[in-house]
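Student: In case you want the letters, here they are:
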Amino acid sequence: MASVGAQIKRGSAELAVLTLLARHPLHGYEIAKQIEEQTGGVLRFDMASLYPMLYRFERKGWVKAEWQTLPNGRRRRCYRLTASGRKQLAPLRAEWRAFFQALQIVTGFQNA
Amino acid sequence: MPDWKQIVRKDLRVLGVLSPEFAEELAGHLEDSYEASQHEGVTADVAFQRTMSQIEGRRKIWLVLRFLQEDVMTGFSRKVALPGLLTFAASGFVSLAFALAHIQPRIIWLADGQFLALPLWDWCLLPICGALGALLSQRNGGSRLQRIAAALFPSAIMGIVLLLIFPVGFTLSRFVPNYGWDTAVALKSLGLWLLGYVAVPAVLLLLGAGVIEKMKRLPAHAM
Chain A
1 MASVGAQIKR GSAELAVLTL LARHPLHGYE IAKQIEEQTG GVLRFDMASL YPMLYRFERK
61 GWVKAEWQTL PNGRRRRCYR LTASGRKQLA PLRAEWRAFF QALQIVTGFQ NA
Chain B
1 MPDWKQIVRK DLRVLGVLSP EFAEELAGHL EDSYEASQHE GVTADVAFQR TMSQIEGRRK
61 IWLVLRFLQE DVMTGFSRKV ALPGLLTFAA SGFVSLAFAL AHIQPRIIWL ADGQFLALPL
121 WDWCLLPICG ALGALLSQRN GGSRLQRIAA ALFPSAIMGI VLLLIFPVGF TLSRFVPNYG
181 WDTAVALKSL GLWLLGYVAV PAVLLLLGAG VIEKMKRLPA HAM
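Sequences listed follow chains A and B, in order. One point on numbering: in the working numbering, the residue at position 92 of the first sequence is 92, and numbering is uninterrupted. One point on numbering: in the working numbering, the residue at position 123 of the second sequence is 123, and numbering is uninterrupted.
Read the hints as simulated data drawn from the structure, not as lab findings. Here the structure is a predicted model, which is why all the values come from computation and not from measurement. Glycine included, C-beta positions come from ideal geometry on N, C-alpha and C. A portion of the hints provided could be inaccurate.
Heads up, simulated PhoX-like pairs for lysine-lysine below, C-alpha to C-alpha not over 25 Å straight-line [claimed, not checked]:
| # | chain 1 | residue 1 | chain 2 | residue 2 |
| --- | --- | --- | --- | --- |
| 1 | B | Lys60 | B | Lys10 |
| 2 | A | Lys33 | A | Lys60 |
| 3 | B | Lys5 | A | Lys64 |
| 4 | B | Lys60 | A | Lys33 |
| 5 | A | Lys60 | A | Lys87 |
| 6 | B | Lys216 | A | Lys60 |
| 7 | A | Lys33 | B | Lys5 |
| 8 | A | Lys64 | A | Lys33 |
| 9 | B | Lys5 | B | Lys60 |
| 10 | A | Lys87 | A | Lys64 |
Just so you have them, the derived chain B footprint on chain A, three or more residues with Cβ under 8 Å [unchecked claim]:
| # | segment |
| --- | --- |
| 11 | 49-58 |
| 12 | 74-82 |
| 13 | 96-104 |
Use the sequences and the hints to build the structure in full.
Tutor: Here it is as structure tokens:
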């Protein structure tokens with residue numbers, strides 16, 4: 001069984017953001033909004049959590065940021081997952097799956 | 001519509017040093033957030049207050065701290081100081097190991113009673129320490145200059161310590177009677193120490209860093 005590290009808690013935010021970016025490129029506000037909407041407000045990112053993380057991803061080469069001009073003429077910095085980011089996402093997902101499976105065994109919780 | 005760029009520049013100016021694009025990106029986030037609030041049907045004042053709450057008070061402090069934390073770990077610390085301190089620790093460990101093994105530096109006595117310590121065995125291993133510093137800096141994305149700085153860190157620390165001893169001794173001699181300070185002797189000692197504990201180790205550390213630089217270029221030549 002894969003070991004569940006202490007960093008899994010911190011990794012939850014990383015998992016959420018990388019998973020979203022794996023679907024399509026997004027800018028910061030869209031990332032925060034989509035996570036909040038998709039989780040019914042259970043998960044929320046404030047700017048202090050989101051942007052330092054995005055910059056760290058960019059520095060590590062997991063995402064690539066590009067300025068794009070939106071149809072309304074505004075410039076937004078869009079983040080796109082790189083091949084390196086996709087490689088990073090796979091073990092993160094496996095770790096979380098193991099974590100939830102372990103929790104299910106202990107608590108008897110089942111997915112809805 | 002409030003000028004969010006101006007607000008970010010004013011309220012979060014401490015973050016302005018991190019990235020020239022940072023203010024624009026955060027301003028864009030606040031702008032979208034403000035518009036979303038307005039679409040919910042709240043007044044402009046409420047939308048403004050709601051948006052501003054993201055960069056005020058505790059959240060502002062947290063935001064600043066998080067970015068400073070990221071910045072500190074991205075720049076000098078990661079690429080120079082941390083590899084440099086590990087290099088310093090490695091060189092200190094080497095010296096300690098030789099001292100524990102009773103391997104003393106070779107002493108050359110000079111005509112005026114002063115001496116020059118030559119820790120030859122320490123010196124033999126210093127290129128490895130220099131290579132370690134350069135390698136760690138390289139792994140953290142350090143530039144060529146940063147890799148060299150990381151390798152030279154032990155010499156830099158020793159140099160600073162030695163250069164501090166001289167003015168401290170000189171200052172003490174002004175205030176402590178019979179301190180026994182002789183400027184000429186002190187200057188000569190300082191020169192000898194700088195040679196033995198700073199200059200020669202710096203050359204040897206650089207030698208190790210140079211090997212890493214050479215190895216770094218090898219694949220390019222091979223291709």
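Student: Next, verify each hint and record whether it holds.
Tutor: Against the structure, the hints come out as follows:
1. Between Lys60(B) and Lys10(B), the direct Cα distance comes to roughly 12 Å. Compliance with the 25 Å bound is thereby established for this hinted pair.
2. Between Lys33(A) and Lys60(A) the alpha-carbon distance is near 24 Å, which keeps this suggested pair within the 25 Å criterion.
3. A hinted pair counts as satisfied when its Cα atoms are at most 25 Å apart, and Lys5(B) with Lys64(A) qualifies at roughly 23 Å.
4. Only pairs whose Cα atoms come within 25 Å are accepted, and Lys60(B) paired with Lys33(A) is accepted, the gap being roughly 20 Å.
5. Straight-line distance between C-alpha atoms of Lys60(A) and Lys87(A) comes to about 12 Å, which keeps the hinted pair within the 25 Å bound.
6. Note on Lys216(B) and Lys60(A): the hinted pairing holds, with a Cα-Cα distance of about 20 Å set against a maximum of 25 Å.
7. For the hint linking Lys33(A) to Lys5(B), the alpha-carbon distance of about 21 Å falls within 25 Å, and the restraint holds.
8. Distance restraint check for Lys64(A) and Lys33(A): the Cα-Cα separation of roughly 20 Å lies within the 25 Å cut-off, and the hinted pair is therefore satisfied.
9. For the hint linking Lys5(B) to Lys60(B), the alpha-carbon distance of about 16 Å falls within 25 Å, and the restraint holds.
10. Of the pairs offered as hints, the one joining Lys87(A) and Lys64(A) holds, with about 14 Å between alpha carbons and a cut-off of 25 Å not exceeded.
11. Against chain B, the segment 49-58 of chain A contributes 5 residues with a C-beta closer than 8 Å to a partner C-beta. That satisfies the three-residue criterion, and the hint holds.
12. Counting residues of the segment 74-82 of chain A whose CB lies closer than 8 Å to any CB of chain B gives 4, so the stated coverage by that chain holds, three being the minimum.
13. Only residues whose beta carbon comes within less than 8 Å of a beta carbon in chain B count, and the segment 96-104 of chain A has 0; fewer than three means the coverage is violated.
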